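Chemist: Protein chains in written order, with the numbering used here: chain A, 1 to 490; chain B, 491 to 980.
Quick caveat, the hints were computed from the structure, so don't treat them as lab data. There's no promise every hint is true.
Mimicking DSSO-like on lysine-lysine, the simulated pairs with C-alpha atoms at most 27 Å apart in a straight line are [as the list claims (entries may be wrong)]:
1. K744(B) with K871(B)
2. K190(A) with K288(A)
3. K613(B) with K764(B)
4. K755(B) with K888(B)
5. K908(B) with K418(A)
6. K680(B) with K613(B)
7. K778(B) with K764(B)
8. K254(A) with K123(A)
9. K190(A) with K123(A)
10. K288(A) with K613(B)
11. K237(A) with K254(A)
12. K33(A) with K755(B)
13. K543(B) with K274(A)
14. K744(B) with K969(B)
15. K613(B) with K755(B)
16. K755(B) with K909(B)
17. K419(A) with K523(B)
18. K908(B) with K33(A)
Since this is a predicted model, take the numbers as computed values, not measurements.
Protein chains: 2
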Amino acid sequence: MKPQLKPVRPVTPEEYDEQSAGLRPRLLAAHAKLRTANSSVLIHLGGVDGAGKGAVVRLINDWLDPRGVSTVAFDLATDDEQRRPPMWRYWQALPSRGRIGLFFGSWYRDIVVERVNGDLKRKVFERRMDRINTLERMLVAENTLVLKLWLHIGKDEVRHRLEHLEENPELHWRWLPKKLEPLEFYRESKEVSEELLSRTNTRHAPWRMVDASENRMRNLAVGRLLLETLEAALRLKSPSQGAKPAPIPKTLPKRRLAAVDLTPKLDDDWYGRKLERNQHRLADLSWKLADSRRSLLCVFEGWDGAGKGGAIRRLVGSLDPRLFNVTSYAAPTDEERAHHYLWRFWRHLQAPGRIAIFDRSHYGRVLVERVEGFAAETQWKRAYAEINDFEQQLVESKVVICKFWLHISPEEQLRRFKKREEVPFKRYKITAEDWRNRDKWNAHEAAVEDMLQRTHTVPAPWTVVPANDKNFARIEVLKTVVRELEKVLE
Amino acid sequence: MKPQLKPVRPVTPEEYDEQSAGLRPRLLAAHAKLRTANSSVLIHLGGVDGAGKGAVVRLINDWLDPRGVSTVAFDLATDDEQRRPPMWRYWQALPSRGRIGLFFGSWYRDIVVERVNGDLKRKVFERRMDRINTLERMLVAENTLVLKLWLHIGKDEVRHRLEHLEENPELHWRWLPKKLEPLEFYRESKEVSEELLSRTNTRHAPWRMVDASENRMRNLAVGRLLLETLEAALRLKSPSQGAKPAPIPKTLPKRRLAAVDLTPKLDDDWYGRKLERNQHRLADLSWKLADSRRSLLCVFEGWDGAGKGGAIRRLVGSLDPRLFNVTSYAAPTDEERAHHYLWRFWRHLQAPGRIAIFDRSHYGRVLVERVEGFAAETQWKRAYAEINDFEQQLVESKVVICKFWLHISPEEQLRRFKKREEVPFKRYKITAEDWRNRDKWNAHEAAVEDMLQRTHTVPAPWTVVPANDKNFARIEVLKTVVRELEKVLE
């Protein structure tokens with residue numbers, strides 16, 4: 001649906017003074033309250049060059065407390081940024097709880113520029129727009145209000161402003177050096193922008209069109225929209241309420257964990273031989289990976305005591321330490337807690353050529369957070385689609401994903417817990433929490449089964465590893481990784 | 491002083507099993523305790539290629555709980571890294587409290603490689619070594635123990651290992667592709683390394699030489715040094731105790747704040763004209779800066795109510811939002827608190843071409859933290875030299891630094907506080923804390939005077955701005971920045 005430009009009436013300087021004097025204290029008061037609220041605000045600022053985006057950035061910083069506003073201007077991607085999925089740099093810059101993020105030249109600008117330059121096929125263009133909608137819906141669902149401002153001026157006004165500029169060289173600094181571009185590309189930009197505005201004008205994050213042909217009018221319009229957004233952000237309840245649960249993707253019939261055959265074993269002799277062979281093979285492949293534009297992500301989930309640590313150690317045992325990185329995800333830090341739950345996983349994405357290993361992962365959302373009630377039902381139900389989308393983005397930027405569920409029986413777990421308590425230097429591995437989790441075996445089992453069913457996708461499938469026998473499990477993990485790498489590297 | 495290689499006796503496999511079985515539980519127990527301790531450990535791993543550094547990385551991850559160890563392998567700097575001071579990327583990776591950072595190819599490798607390649611003049615080489623010593627002393631003083639392991643093997647052993655490798659192609663993956671380099675550069679590397687080892691073999695962070703010619707012997711030696719270091723880390727008291735206060739650099743005679751002339755005023759008419767002229771000038775210069783390899787850092791400190799926010803707004807008023815970034819430093823987050831106090835300032839350094847504005851800054855250490863007792867006397871006394879060194883590194887990577895102290899009288903502050911309480915939309919600016927700080931005016935004044943005296947350096951001087959008149963102060967700030975930029979850009 002195309003967003004509409006509401007006709008507004010010009011204001012006199014006196015009216016402006018009066019109305020802005022009424023707005024500003026309310027804006028500051030609302031902004032001060034936001035600081036301790038459970039929500040954040042993301043502002044996108046769009047419009048043709050010359051529409052006064054810079055002036056609006058300054059206005060917002062002037063009318064609000066600038067310490068609570070992070071203005072982020074996105075320019076060409078640096079090489080670190082180019083080596084990650086396109087959304088990576090935006091994720092890094094998302095505002096934390098209580099703050100306002102002001103994005104200037106953001107995911108919208110990228111795709112307009114690429115499309116106008118002819119670098120983006122229609123299908124990719126559409127997919128990128130849909131991805132933006134998905135991301136914004138996700139942010140809104142977790143209490144980040146998204147205010148999208150589009151500053152509108154007509155072609156005549158653009159021309160008029162450029163002429164004024166030509167005549168007043170002392171104003172040149174207001175424009176980027178490439179100051180004649182806006183007119184040359186006006187028609188193409190307009191078409192692309194209009195399509196973008198229609199397709200991303202969603203219910204949860206609509207575009208707000210601002211008539212920017214006159215400054216006073218524009219400032220008041222921006223001020224009012226800001227106030228409306230801030231007040232809406234303050235009214236938000238905790239993210240668990242409000243949002244409707246998303247439809248759950250089901251990719252497979254449910255897998256019963258109880259049906260997993262846990263009997264496979266590997267004797268030490270065979271284990272030793274297979275370990276050596278597969279480690280060498282993996283080391284070879286890791287150098288090939290380093291020379292390629294691809295990377296590898298291995299996700300390890302499993303019961304407490306299932307042997308994640310041991311499997312990870314065998315996996316990296318033959319790898320050059322420069323080529324891999326193990327990140328253990330325990331409780332989030334306060335910075336992480338103040339962001340969307342996926343933020344900390346975006347944060348540690350590796351550059352191409354490298355191997356990232358997640359010891360526990362973003363699946364915590366649908367496992368421990370679900371079982372312990374840290375995430376409400378609407379939240380974890382929504383998470384399956386969000387996680388699939390996250391992994392899809394990784395796959396599109398050439399990440400090979402291997403996901404392991406290390407499965408043991410409750411009896412085997414008990415045996416291992418007891419053994420850990422007996423061995424002095426393994427005692428640190430077992431805590432009261434492990435025993436508590438064990439009591440909730442059934443709840444965890446249901447969560448795992450749902451996870452396997454709903455996130456087992458073609459580009460990022462799960463491997464359920466029978467792990468009652470450690471030898472067997474370790475080789476199984478190594479073999480799977482070797483196989484997946486061979487598929488893409490050879 | 492040259493570090494010594496202690497002669498050790500080879501161990502039999504049986505002795506090895508027995509001794510490692512004794513070591514490992516103690517290592518794990520110490521590592522488990524470190525998690526909740528008030529200290530961290532940084533391990534540097536050095537030695538010629540082929541000495542078995544990769545194997546030692548794996549050993550450490552195997553003998554300790556790998557979740558508490560961050561192994562960071564530094565390779566060529568990315569362009570984001572090249573655009574910052576050389577130490578920037580290492581600062582990003584320093585271990586937080588309770589953790590072990592294992593640096594593989596770190597600040598030591600950089601300078602050996604550059605020196606062997608002839609890219610580093612003797613004087614620069616020496617300065618870089620001294621800087622390493624300074625940084626390590628600083629880390630040790632704040633409870634990061636630094637364990638520097640140098641794996642030693644003789645030239646014959648290197649040759650022997652290479653020959654063994656030639657004959658066993660299945661082992662090739664253990665070596666980087668450039669596997670013949672070690673011998674070619676052996677002599678030069680050895681000379682450079684020996685000088686490096688001598689000069690950086692300090693009392694607070696000595697090199698520990700490990701005979702790496704035989705694996706069992708090497709493993710046990712590494713294990714024992716690790717245990718010794720972990721146990722020392724656990725014995726550390728809070729950083730305030732222990733360390734001796736550093737000698738305080740005095741660059742200037744003490745400046746009495748009371749002697750600052752606070753009468754200068756600027757009427758609104760003149761102010762308007764000067765504001766416009768200087769803002770245009772600055773906007774011009776900011777584009778020139780963007781084209782240069784330089785950047786600008788403006789530090790704002792001053793009394794509560796002195797008008798930092800207003801001065802910052804006028805300073806950036808004419809700037810393109812893509813060119814600057816304002817960071818407000820309030821209380822640190824928990825991730826920041828778990829690092830050295832300078833970590834969060836390193837974290838937000840801008841790339842060249844940009845303007846960074848710090849609203850409050852690293853000077854908090856010698857101002858509010860001193861006055862409120864958050865930093866002990868030894869800590870804030872040490873901080874003057876640490877801050878000067880930090881700024882010196884910025885200056886060396888072409889950052890222009892302008893530091894402002896906005897000065898008002900206690901009477902003017904009282905007037906402003908009262909006025910803020912009267913104006914509804916300014917009320918958010920004044921808190922109980924502001925009134926409490928006011929009661930400690932004298933203590934703050936002494937801290938400011940010490941700061942001005944001890945950190946007013948040639949490359950990074952302070953500007954004390956009389957700010958009883960806001961017009962005057964804002965123009966003074968703008969003029970100073972314009973003048974400093976003109977010096978380097980024109």
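Chemist: Against this structure, judge whether each hint is valid.
Modeler: Structure-based check of each hint:
The hinted pair formed by K744(B) and K871(B) meets the criterion: a straight-line CA distance of about 16 Å does not exceed 27 Å. Between K190(A) and K288(A), the direct Cα distance comes to roughly 45 Å. Violation of the 27 Å bound is thereby established for this hinted pair. Using a Cα cut-off of 27 Å, the hinted pair K613(B) and K764(B) is violated, with the two alpha carbons roughly 45 Å apart. Proposed proximity of K755(B) and K888(B) is contradicted: the alpha carbons are some 34 Å apart, above 27 Å.
Pair hint K908(B) plus K418(A) does not hold up; C-alpha atoms about 67 Å apart against a cutoff of 27 Å. Note on K680(B) and K613(B): the hinted pairing holds, with a Cα-Cα distance of about 19 Å set against a maximum of 27 Å. The suggested pairing of K778(B) with K764(B) holds, with an alpha-carbon distance near 21 Å, which does not exceed 27 Å. For the proposed pair K254(A) and K123(A), the alpha carbon gap of about 33 Å is over 27 Å, so the pair is violated.
Restraint check for K190(A) and K123(A): satisfied, since their Cα atoms lie roughly 19 Å apart, inside the 27 Å limit. Under the criterion of a C-alpha separation no larger than 27 Å, the hint pairing K288(A) with K613(B) is inconsistent with the structure, at around 40 Å. Straight-line distance between C-alpha atoms of K237(A) and K254(A) comes to about 34 Å, which puts the hinted pair past the 27 Å bound. Of the pairs offered as hints, the one joining K33(A) and K755(B) is violated, with about 36 Å between alpha carbons and a cut-off of 27 Å exceeded.
Under the criterion of a C-alpha separation no larger than 27 Å, the hint pairing K543(B) with K274(A) is consistent with the structure, at around 25 Å. For the hint linking K744(B) to K969(B), the alpha-carbon distance of about 25 Å falls within 27 Å, and the restraint holds. Only pairs whose Cα atoms come within 27 Å are accepted, and K613(B) paired with K755(B) is rejected, the gap being roughly 49 Å. Between K755(B) and K909(B) the CA atoms are separated by roughly 20 Å; this keeps the pair inside 27 Å, and the hint holds.
Our distance criterion of 27 Å between C-alpha atoms is met by K419(A) and K523(B), whose separation comes to about 21 Å. Restraint check for K908(B) and K33(A): satisfied, since their Cα atoms lie roughly 22 Å apart, inside the 27 Å limit.
Of the numbered hints listed earlier, those contradicted by the structure are 2, 3, 4, 5, 8, 10, 11, 12, 15.
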